[in-house]
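So the chains spell out like this:
Protein chains: 2
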Amino acid sequence: MNTFEFKNPTKIIFGKDTIKNIENEIPNDAKVLMLYGGGSIKKNGIYDQVKAALSSFDVLEFGGIPANPEYAVLMQALKVIKDENITYLLAVGGGSVIDGTKFLSSAALFDGDTPWDILTDKIRTEKGMPFGTVLTLPATGSEMNSGAVITREETKEKLAMGGPGLFPEFSVLDPQVIASIPKRQLANGITDAFSHVLEQYMTYPIGALLQDRFAESILQTLIEVAPKVIKDPTEYTSAANFMWSCTMALNGLIQKGVPTDWAVHAMGHELTALYGIDHARTLAIIFPSHYKFNFEAKKEKLAQYAERVWNVTEGNTDDKAYAAIEKTEAFFQSLEIDTKLSEYTKDYEGTAEEISKRFTDRGWLGLGEHQDLSPEKVEKIVKMAY
Amino acid sequence: MNTFEFKNPTKIIFGKDTIKNIENEIPNDAKVLMLYGGGSIKKNGIYDQVKAALSSFDVLEFGGIPANPEYAVLMQALKVIKDENITYLLAVGGGSVIDGTKFLSSAALFDGDTPWDILTDKIRTEKGMPFGTVLTLPATGSEMNSGAVITREETKEKLAMGGPGLFPEFSVLDPQVIASIPKRQLANGITDAFSHVLEQYMTYPIGALLQDRFAESILQTLIEVAPKVIKDPTEYTSAANFMWSCTMALNGLIQKGVPTDWAVHAMGHELTALYGIDHARTLAIIFPSHYKFNFEAKKEKLAQYAERVWNVTEGNTDDKAYAAIEKTEAFFQSLEIDTKLSEYTKDYEGTAEEISKRFTDRGWLGLGEHQDLSPEKVEKIVKMAY
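Same order as they appear, the protein sequences are chains A and B.
Adding 1 to a residue's 1-based position in the first sequence gives its number in my numbering.
Adding 1 to a residue's 1-based position in the second sequence gives its number in my numbering.
Next comes chain A alone, as it looks inside the complex (with noise of 0.2 Å):
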């Protein structure tokens, strides 16, 4: 096991008809600046909700947050948080809002020069104006860490950024909000979450007996309750476990004192810029390609994996770990999530080169929990999910 720190000051409010606790959280004299997406809060009923429960508070709103926070549209929202002298903000969303809410949150005490900087000198942020959040979306684990991605349209470049200031104070999760979320937005939040357990977990045994059957927890819970909420998105148990095990999925737990691998997230998030292609589904693009090619060096792992969590009891390591790898595959699928590149563009020829040109381009050139996986390897990855 790896020598680790571990901190993770989110206070986690959990349950059925929690939203009206934010009343509690946040200081009586504070200015907020409520900011959410693209409105479905006002159908869902969630707006009305945060409103009442926000009541005694001097509140200005800030709606509009596109999926991939853009940074032209968070400036506007900053305006707004300078001119009102706004002192709380409290977002109200996914991991689109909640990330667009931390930018936000470290650029408001930002002294630099212009906040775009905090992306690109990778500026940690060790404090940043208080903020909190409810969860409308579960996914990207974004409400109980510390961590942000942020897109700028006019430069084509996404980025991230994070730092101990950017913990949310408080985070509010009602499982009751799952109920009217779209089937193709939960099938992406399990793909999502079920992803960022396995960039966790599928690298090389390093003695860390615990994270990994956390992490195989994680996995299994997901793959319980998946058909039951893609089924019925009402049924509270199942949707209360999605959500919980979303939060768990990247809270920074499962992966102290573990080597991680990442680079299924970064070939994916060129599909997504390529593509416009769901994040969630470029990974189960990316996955089956990725294992198969760096197969030697995982599939220990991923015989574990295979045992633990799919039952394989058959074959040697390398029959487990290939099973492994078609489980995984036929799971997404399950879900109604396509695994294959051509299955969303017939304009696929040439994607694997331009993205290792673009890893060359930008110096990336050992990705993976062995920094070993060079742009030339990431091109074969890339060829092999067409």
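These aren't lab readings, by the way, just hints derived from the structure by calculation.
Do not take every clue at face value.
A pair holds if it fits inside one copy or across any two, identical chains being indistinguishable in the list.
The calculated SDA-like cross-link candidates involving lysine to any residue, where the alpha carbons are at most 25 Å apart (straight line), are [what the hints assert, rightly or not]: (1) 229 / 301; (2) 8 / 25; (3) 21 / 165; (4) 381 / 113; (5) 80 / 327; (6) 128 / 238.
Just so it is clear, the structure is predicted and the values come from calculations on it, not from any experiment.
For this one, chain A is given, so just place chain B on it according to the hints.
Okay, now just chain B, sitting in the frame of chain A:
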């Protein structure tokens, strides 16, 4: 799944040679009181490592905090804190030293009549003097939670305290400390952590799928590493997994959203009070009887535990549940921990009646996850444990 809140702000610093890192965690201008127990840290090198890490600080020491931290001793430490204007506490020890330090953290800022009121009046500590810990004995989980148990010899009382102000700011977990722990203490630590999980898990199914699997993960890991740690406590990987499992067993995570029992601890505490039996061993005495007596109420979870943790595949629910009890008892015995009261004292007659009477006198009329474990039932359970 029940509604819950979860917040745990303690920073964990885990791994080889991490004691030196405490230098970066304590404010430069702090006046530190270093607290420890009977002095074993002076023999195993931990004392020297801590002193070296604190070389640039103004540090006083207070040694001699006993197992079951004693109020009278702690009051002497409190006098030092006040007389010397201490601003930061550093516990170097196991659960007793850390619990004692939590009491001091609270008492140092307490403005009531006498600090004992914190315990008798069940005063929740919202803010304490900041403190960190260097864990020398994995077992209680006190290094990552906000609870403490304090003993007062004068009045034969053993009372609990806690509150959000009593999380350690940081805890250093260097698994190398395990190398010098005597076998008896290692067996106690394993049993204590195992018991913590059982108290939070062995109740009834409530659809908390992930919490159940996390609990089972800790149990499986403790079972896997126990013989290795006992055989060779210098073997790092097993020591690290043992240490992290003990912390995760009682840092709040697995109890969120589920019913908990804790009746075994209540009965066990009395066996310590009456006969001075090590805390962990009292739990091993009570568990089998408790589970047999409450078989109908607990058999579904007992059977799940049998299947998932002990790989019991034969028989019906009752058969599996019964096998689980036998496996658990055999596990404790494999650690050379006796599971009958008569193996600890010849003078056990009347114990059950005495404990039952104590519970009645205290008004403890309904313990356990169903609040239906009466003093009459307690009497029967303890008698079964003779």
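Each hint tested on the structure:
1. In this homomeric assembly, residue 229 and residue 301 come within 25 Å of each other (Cα to Cα) only across copies, at 22 Å, whereas the closest approach inside a single copy is 31 Å.
2. Taking the closest pair of Cα atoms, residue 8 and residue 25 come within 25 Å of each other both inside a single copy (24 Å) and across two copies (15 Å).
3. In this homomeric assembly, residue 21 and residue 165 come within 25 Å of each other (Cα to Cα) only across copies, at 22 Å, whereas the closest approach inside a single copy is 27 Å.
4. In this assembly of identical chains, residue 381 and residue 113 lie within 25 Å of each other by CA distance neither inside one copy nor across copies; the values are 41 Å within and 71 Å between.
5. Within a single copy, residue 80 and residue 327 get their C-alpha atoms no closer than 50 Å, and across copies no closer than 66 Å, so neither meets the 25 Å cut-off.
6. Within a single copy, residue 128 and residue 238 get their C-alpha atoms no closer than 37 Å, and across copies no closer than 36 Å, so neither meets the 25 Å cut-off.
Of the hints listed earlier, those the structure fails to meet are numbers 4, 5, 6, in rising order.
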